[in-house]
Amino acid sequence: MAITYPIFLFLIFSSLVPILSLYEDQVGLTDWHQQYIGKVKQAVFHTHKTGRKRVVVSTELNVIATLDLRRGEIFWRHVLGSNDAVDGMDIALGKYVITLSSEGRVLRAWNLPDGQMVWESSLHGPKHSKSLLLMTNLIIERNNVVVIFSNGRLHAVSCVDGEVLWNKDFEAESLEVQQVIQPAGSNFVYIVGFAASSQFEMYQINARNGELLKHENAAFSGGFSGQVSLVSSETLVALDSTGLILLVISFHEGKISIQHTPISNLVEDAPGPAVIIPSSTMGLFAIRMNAVTIFIRVRGKGMLEVAEKVNRETTIGNALSISEGQQVFALVQHAGRDIRLTVKLAHDWDDDLLKESIKMDQQRGLVHKVFLNNYVRTDRSHGFRALIVMEDHSLLLLQQGTIVWSREDGLASIIDVTTSELPVERAGVSVAKFELNLFEWLKGHMLKLKGTLMLASPEDIAAIQYMRLQSSEKSKMTRDHNGFRKLIIVLTRAGKLFALHTGDGRIVWSRLLQSLCKSEACQHPIGLYLCPWQVPHHHALNENPFVLVVGRCFQSPDALGVLSFVDSYTGKELSSSNLDHSIARVIPLPFTDSTEQRLHLLIDADKKAHFYPKTPEAIGIVRREFSNIYWYSVEDDNGIIKGYALKSKCNSNVADKFCFDASELWSIVLPSESEKIIATVTRKLNEAVHTQAKLIAADQDVMYKYISRNLLFVATVAPKASCEIGSITPEESWLVIYLIDTVTGRVLHRMTHHGSQGPVEAVFSENWVVYHYFNLRAHRYEMSVIEIYDQSRADNKDVWKLVVGKHNLTSPISSYSRSEVVTKSQSYFFTHSLKAIDVTSTAKGITSKQLLIGTIGDQVLALDKRFLDPRRSANPTQVEREEGIIPLTDSLPIIPQSYITHNLRVEGLQGIITVPAKLESTTLVFAYGLDLFFTHFAPTRTYDSLTEEFSYALLLITIVALVAAIFVTWVLSRRKELQDRWR
Amino acid sequence: MGSGRRWAVSFSDNSTSPSCRDIRDPPGFTRASVDQDDSTASRQKKDAESNWKAQKAWEVAQAPFKNLLMMGFMMWMAGNTVHLFSIGITFSALWQPVSALQGVGKVFEPYKDSKVELLGPKLLFIALNLGGLALGVWKLNTLGLLPTHASDWVSSLPPAQEVEYSGGGIPL
Numbered sequence: 001m002a003i004t005y006p007i008f009l010f011l012i013f014s015s016l017v018p019i020l021s022l023y024e025d026q027v028g029l030t031d032w033h034q035q036y037i038g039k040v041k042q043a044v045f046h047t048h049k050t051g052r053k054r055v056v057v058s059t060e061l062n063v064i065a066t067l068d069l070r071r072g073e074i075f076w077r078h079v080l081g082s083n084d085a086v087d088g089m090d091i092a093l094g095k096y097v098i099t100l101s102s103e104g105r106v107l108r109a110w111n112l113p114d115g116q117m118v119w120e121s122s123l124h125g126p127k128h129s130k131s132l133l134l135m136t137n138l139i140i141e142r143n144n145v146v147v148i149f150s151n152g153r154l155h156a157v158s159c160v161d162g163e164v165l166w167n168k169d170f171e172a173e174s175l176e177v178q179q180v181i182q183p184a185g186s187n188f189v190y191i192v193g194f195a196a197s198s199q200f201e202m203y204q205i206n207a208r209n210g211e212l213l214k215h216e217n218a219a220f221s222g223g224f225s226g227q228v229s230l231v232s233s234e235t236l237v238a239l240d241s242t243g244l245i246l247l248v249i250s251f252h253e254g255k256i257s258i259q260h261t262p263i264s265n266l267v268e269d270a271p272g273p274a275v276i277i278p279s280s281t282m283g284l285f286a287i288r289m290n291a292v293t294i295f296i297r298v299r300g301k302g303m304l305e306v307a308e309k310v311n312r313e314t315t316i317g318n319a320l321s322i323s324e325g326q327q328v329f330a331l332v333q334h335a336g337r338d339i340r341l342t343v344k345l346a347h348d349w350d351d352d353l354l355k356e357s358i359k360m361d362q363q364r365g366l367v368h369k370v371f372l373n374n375y376v377r378t379d380r381s382h383g384f385r386a387l388i389v390m391e392d393h394s395l396l397l398l399q400q401g402t403i404v405w406s407r408e409d410g411l412a413s414i415i416d417v418t419t420s421e422l423p424v425e426r427a428g429v430s431v432a433k434f435e436l437n438l439f440e441w442l443k444g445h446m447l448k449l450k451g452t453l454m455l456a457s458p459e460d461i462a463a464i465q466y467m468r469l470q471s472s473e474k475s476k477m478t479r480d481h482n483g484f485r486k487l488i489i490v491l492t493r494a495g496k497l498f499a500l501h502t503g504d505g506r507i508v509w510s511r512l513l514q515s516l517c518k519s520e521a522c523q524h525p526i527g528l529y530l531c532p533w534q535v536p537h538h539h540a541l542n543e544n545p546f547v548l549v550v551g552r553c554f555q556s557p558d559a560l561g562v563l564s565f566v567d568s569y570t571g572k573e574l575s576s577s578n579l580d581h582s583i584a585r586v587i588p589l590p591f592t593d594s595t596e597q598r599l600h601l602l603i604d605a606d607k608k609a610h611f612y613p614k615t616p617e618a619i620g621i622v623r624r625e626f627s628n629i630y631w632y633s634v635e636d637d638n639g640i641i642k643g644y645a646l647k648s649k650c651n652s653n654v655a656d657k658f659c660f661d662a663s664e665l666w667s668i669v670l671p672s673e674s675e676k677i678i679a680t681v682t683r684k685l686n687e688a689v690h691t692q693a694k695l696i697a698a699d700q701d702v703m704y705k706y707i708s709r710n711l712l713f714v715a716t717v718a719p720k721a722s723c724e725i726g727s728i729t730p731e732e733s734w735l736v737i738y739l740i741d742t743v744t745g746r747v748l749h750r751m752t753h754h755g756s757q758g759p760v761e762a763v764f765s766e767n768w769v770v771y772h773y774f775n776l777r778a779h780r781y782e783m784s785v786i787e788i789y790d791q792s793r794a795d796n797k798d799v800w801k802l803v804v805g806k807h808n809l810t811s812p813i814s815s816y817s818r819s820e821v822v823t824k825s826q827s828y829f830f831t832h833s834l835k836a837i838d839v840t841s842t843a844k845g846i847t848s849k850q851l852l853i854g855t856i857g858d859q860v861l862a863l864d865k866r867f868l869d870p871r872r873s874a875n876p877t878q879v880e881r882e883e884g885i886i887p888l889t890d891s892l893p894i895i896p897q898s899y900i901t902h903n904l905r906v907e908g909l910q911g912i913i914t915v916p917a918k919l920e921s922t923t924l925v926f927a928y929g930l931d932l933f934f935t936h937f938a939p940t941r942t943y944d945s946l947t948e949e950f951s952y953a954l955l956l957i958t959i960v961a962l963v964a965a966i967f968v969t970w971v972l973s974r975r976k977e978l979q980d981r982w983r
Numbered sequence: 001m002g003s004g005r006r007w008a009v010s011f012s013d014n015s016t017s018p019s020c021r022d023i024r025d026p027p028g029f030t031r032a033s034v035d036q037d038d039s040t041a042s043r044q045k046k047d048a049e050s051n052w053k054a055q056k057a058w059e060v061a062q063a064p065f066k067n068l069l070m071m072g073f074m075m076w077m078a079g080n081t082v083h084l085f086s087i088g089i090t091f092s093a094l095w096q097p098v099s100a101l102q103g104v105g106k107v108f109e110p111y112k113d114s115k116v117e118l119l120g121p122k123l124l125f126i127a128l129n130l131g132g133l134a135l136g137v138w139k140l141n142t143l144g145l146l147p148t149h150a151s152d153w154v155s156s157l158p159p160a161q162e163v164e165y166s167g168g169g170i171p172l
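First to last, the sequence lines map onto chains A and B. The UniProt record's numbering numbers the first residue of the first sequence as 1 and each following residue consecutively. The UniProt record's numbering numbers the first residue of the second sequence as 1 and each following residue consecutively.
Read the hints as simulated data drawn from the structure, not as lab findings. Computed from a predicted structure; not experimentally measured. Certain hints may be false.
What the hints assert, rightly or not - What follows is a set of in silico ranges between Cβ atoms, one per label pair, in the way DEER data are often shown:
hint	chain 1	residue 1	chain 2	residue 2	range
1	A	Ile895	B	Val104	38 to 48 Å
2	A	Arg975	B	Lys66	46 to 56 Å
3	A	Lys801	B	Lys66	34 to 44 Å
4	A	Thr452	B	Pro110	52 to 62 Å
5	B	Pro171	A	Leu438	53 to 63 Å
6	A	Pro870	B	Gln161	56 to 66 Å
7	B	Lys106	A	Ala874	51 to 61 Å
8	A	Gly726	B	Pro171	46 to 56 Å
9	A	Asp460	B	Trp138	42 to 52 Å
As the list claims (entries may be wrong) - Stretch-level coverage of chain B by chain A, calculated; a stretch enters the list once three of its residues show a Cβ under 8 Å from a Cβ in chain A:
hint	stretch
10	145–159
11	162–170
Claimed, not checked - Take a look, some chain A residues computed to stay more than 12 Å from chain B by CB distance:
hint	residue
12	Ser232
13	Ala462
14	Cys517
15	Gly643
16	Thr810
17	Thr831
C-beta atoms are modelled at their ideal positions from N, C-alpha and C, and glycine is treated no differently.
Make the full structure from the sequences, and use the hints.
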């Protein structure tokens, strides 16, 4: 039965202007927020003073943070820009964190306790070079000095105010600087490096004024390679260019002497070229040959001797001075399921200061980095703690043989996200430990009732709030009626898969995928793509769902592909396979086999199509749908869009009936001198659309939406305009957008925005596209909307035909029918630039939509789609107003209450994912970047459920009271009647 | 209780029954006079009554007209937007004629007479009520609550399925 439209309007009107903000006490009920920092690159401990012990870390995601050493919580954190990588870091004066970043161009000092920036200096130099930061103990005019070598220039900077005291150029020399060394107690620094790859250069510079004291060089015909290891303040070890000869270079008092020792002299069966593991441990260094790590001691006058050969995976930590002349360093070795932490004195190999064995989760992989720190125990002996960085980017603190805390910082670099349902609640599945007993339940409800009746004391209110936040209901491991409880499965850059519970964000399971770990066949595997593989429904409900992880062996389009199938309930890797072809595209097809495995089409670099799963049933489905499967490729570097169809079996020498050749059907070649593709977007595969008709209230008319999954939105800009905003004039800049049918290659719509440029962020849903770009003429960001309508169906207006069902509106349509389309579009100014954009998606697609905009401030803003309606006009008529059309304004409003991240920030926002809940009104929003944020979001409020605050106890008590009252009055009335009769 | 019946009154009228004829009529009461002018006076009276009934029937039949005017005024007052008042008015405007039409027989029951021609008044009554009903329906339509437009029939149609499927994009 059709809902007649004015009633529908009436319903909409009663809930017009939804308030999306939330109350203070609702924070944390349905949302959670987690902060991460990424894989730690460098760590500096700050434990000397009493008070809060902390560690300062810089990470590969350009984050500087200080962590609490007791719990691993973040004290403060700064996220530097994407091109502002941290090169060096140290603590100065015990209160400043000095960081060198942006390829040695920016030096900053941060206040250690609170993270405020104290000063910033920009350092310029004549040429690009390695950036080195050295904290000296030198004091010039009561200023502590930090020496920085960057961009071919040596700077001395005051720690107090960032003033550059002096600088010295190394412009003329083709110096490849390796180390900046300050011998203890001296007031000069050595700059050592290689020039022209076969010459060793040493400069001695007066650290007080930058005066060149000495410059020596020595040539070595064999050349140098790789990095150097410092074994004393005036000796270093390098390798020759073949990696077979060790060079001990001493520059004591300005005299350079190079001694070479072939590795084969030290180790009998040297397996091949070695690499030096850079370190600065006195009298000791390590080299690695294949998987073997060799520790070599340096005995005065360049005598080398092997201290130990280790076959196991070994990681060496930094050297740490524990007392005058005593240096220690840490070694971490893997031994089965355990890791072994050893702390050794640099000058005494055989004696271990500390030897601990710690049980380690296998899913964390190998140890990548170790940072050692010491403390003095009450008995004046030395205790050690080690911060270790694992293969999955997690950070752990080891102390006294246990893991004190761990941080899952792999979650800071998410590649792809998907979701999975939880198991159905069954009799066998025990969830008892989450349930409360009856007494607690009653107590909770009494408290709630008190709160409702405003009788609660502040303690009660706190208890109620705690109860709401800790509700066991939301963190159960089973499916719920509303579909709020799900698993968010994320693939991280480290090749680890995490399953997060939507209720509280905890990690349900995590797995370091074997297929994405380094192996013989696959040297540098990377994860690319994550999608649901098997989603059991109806008949296969008892089976576990699976996700498909797609990777490739190294970062190149023709690298061989890797597939992995993971059970989403348990995280077990069911199977993984190294493919014999590359993967350029993964196309999930809208067909599933009898076990609900989704068919996938993998396109390789040679434009061959491979079908998965490789089962006879799948090939049967493919045969049936053979002529209806198409695909397209967007070659953004040369501006060509091509469409393909399946042609025939591959005629390669290997008989593979799942492989098909493609035939090119169409191609769109964009003129490369005037257009460059910068963005493409399509509709989401799983989007639900409720209706194909768009109703126009004004004249009771109907327009038919052009709803097609095969539409591609392409945005191109002038090649000059693809760089930063401001580098081009409006006259030579334009933005062209296309809507292309990807089956036939037909361009449905083309529009040019003159004087506009990218970056373009776009979202495609139902029959509309919203995109965001920069308008150079207006100097403002703009958002435009395009809606597409099917004109060829527009004559389906005869009511009687519709009543008796004589219409073709629901019959399948083909792209080849070339239906006539009309488009409507409108543009508006928008204040923010954006990082991501998405649209809410609900289970049936009935609820009106809101755009979710990831702003430059790393927040998520909800914007009603009604603001982006091409039918908006300056003076809408009464009927249009009733329909919900908002009067046209030149810019889109930003309502502060509609930030769905409320006061939180999702640092480094990368993407927003929306997943429909079972409840039609609600959608689940997951925003990720460095931080993770999850919340429930109801675009037009939760019209289909009682609010969480609804007091069932009050309802129950009211009903009971009413029933009791009815009973009592009935008894009383009976008695009165009887008395009346006796009278 | 008492020991027996002391007295009793019988309310049954025995005046006409022959068995009680032994009791004489009271003085001045003539039994014959009632039967005598049956023919003339009663005919006159009956004519007047049927005239009166016919007149009344016409009046009753015309009564919905006033109602109609009243309803029209109310509808005009209610306006064309959908809200509680206008919906209430419209539904009462629909309900009244329907209930009146259901009770056509009952309305004209008192005026039923062999001599009175009730067909005319009935037809008028029905016509006027139908007019009221039409007014109600018209109002319903002006409120937009009748599915008379194509939009009312296609609003819940799901989108048509597509024959072809195409996927792809920028290489991973």
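Exercise for the section: Please write out, lowest number first, the hints stated earlier that are contradicted by the structure. Expected result: Violated hints (numbers, rising): 1, 6, 8, 9, 15 and 16; every other hint is consistent with the structure.
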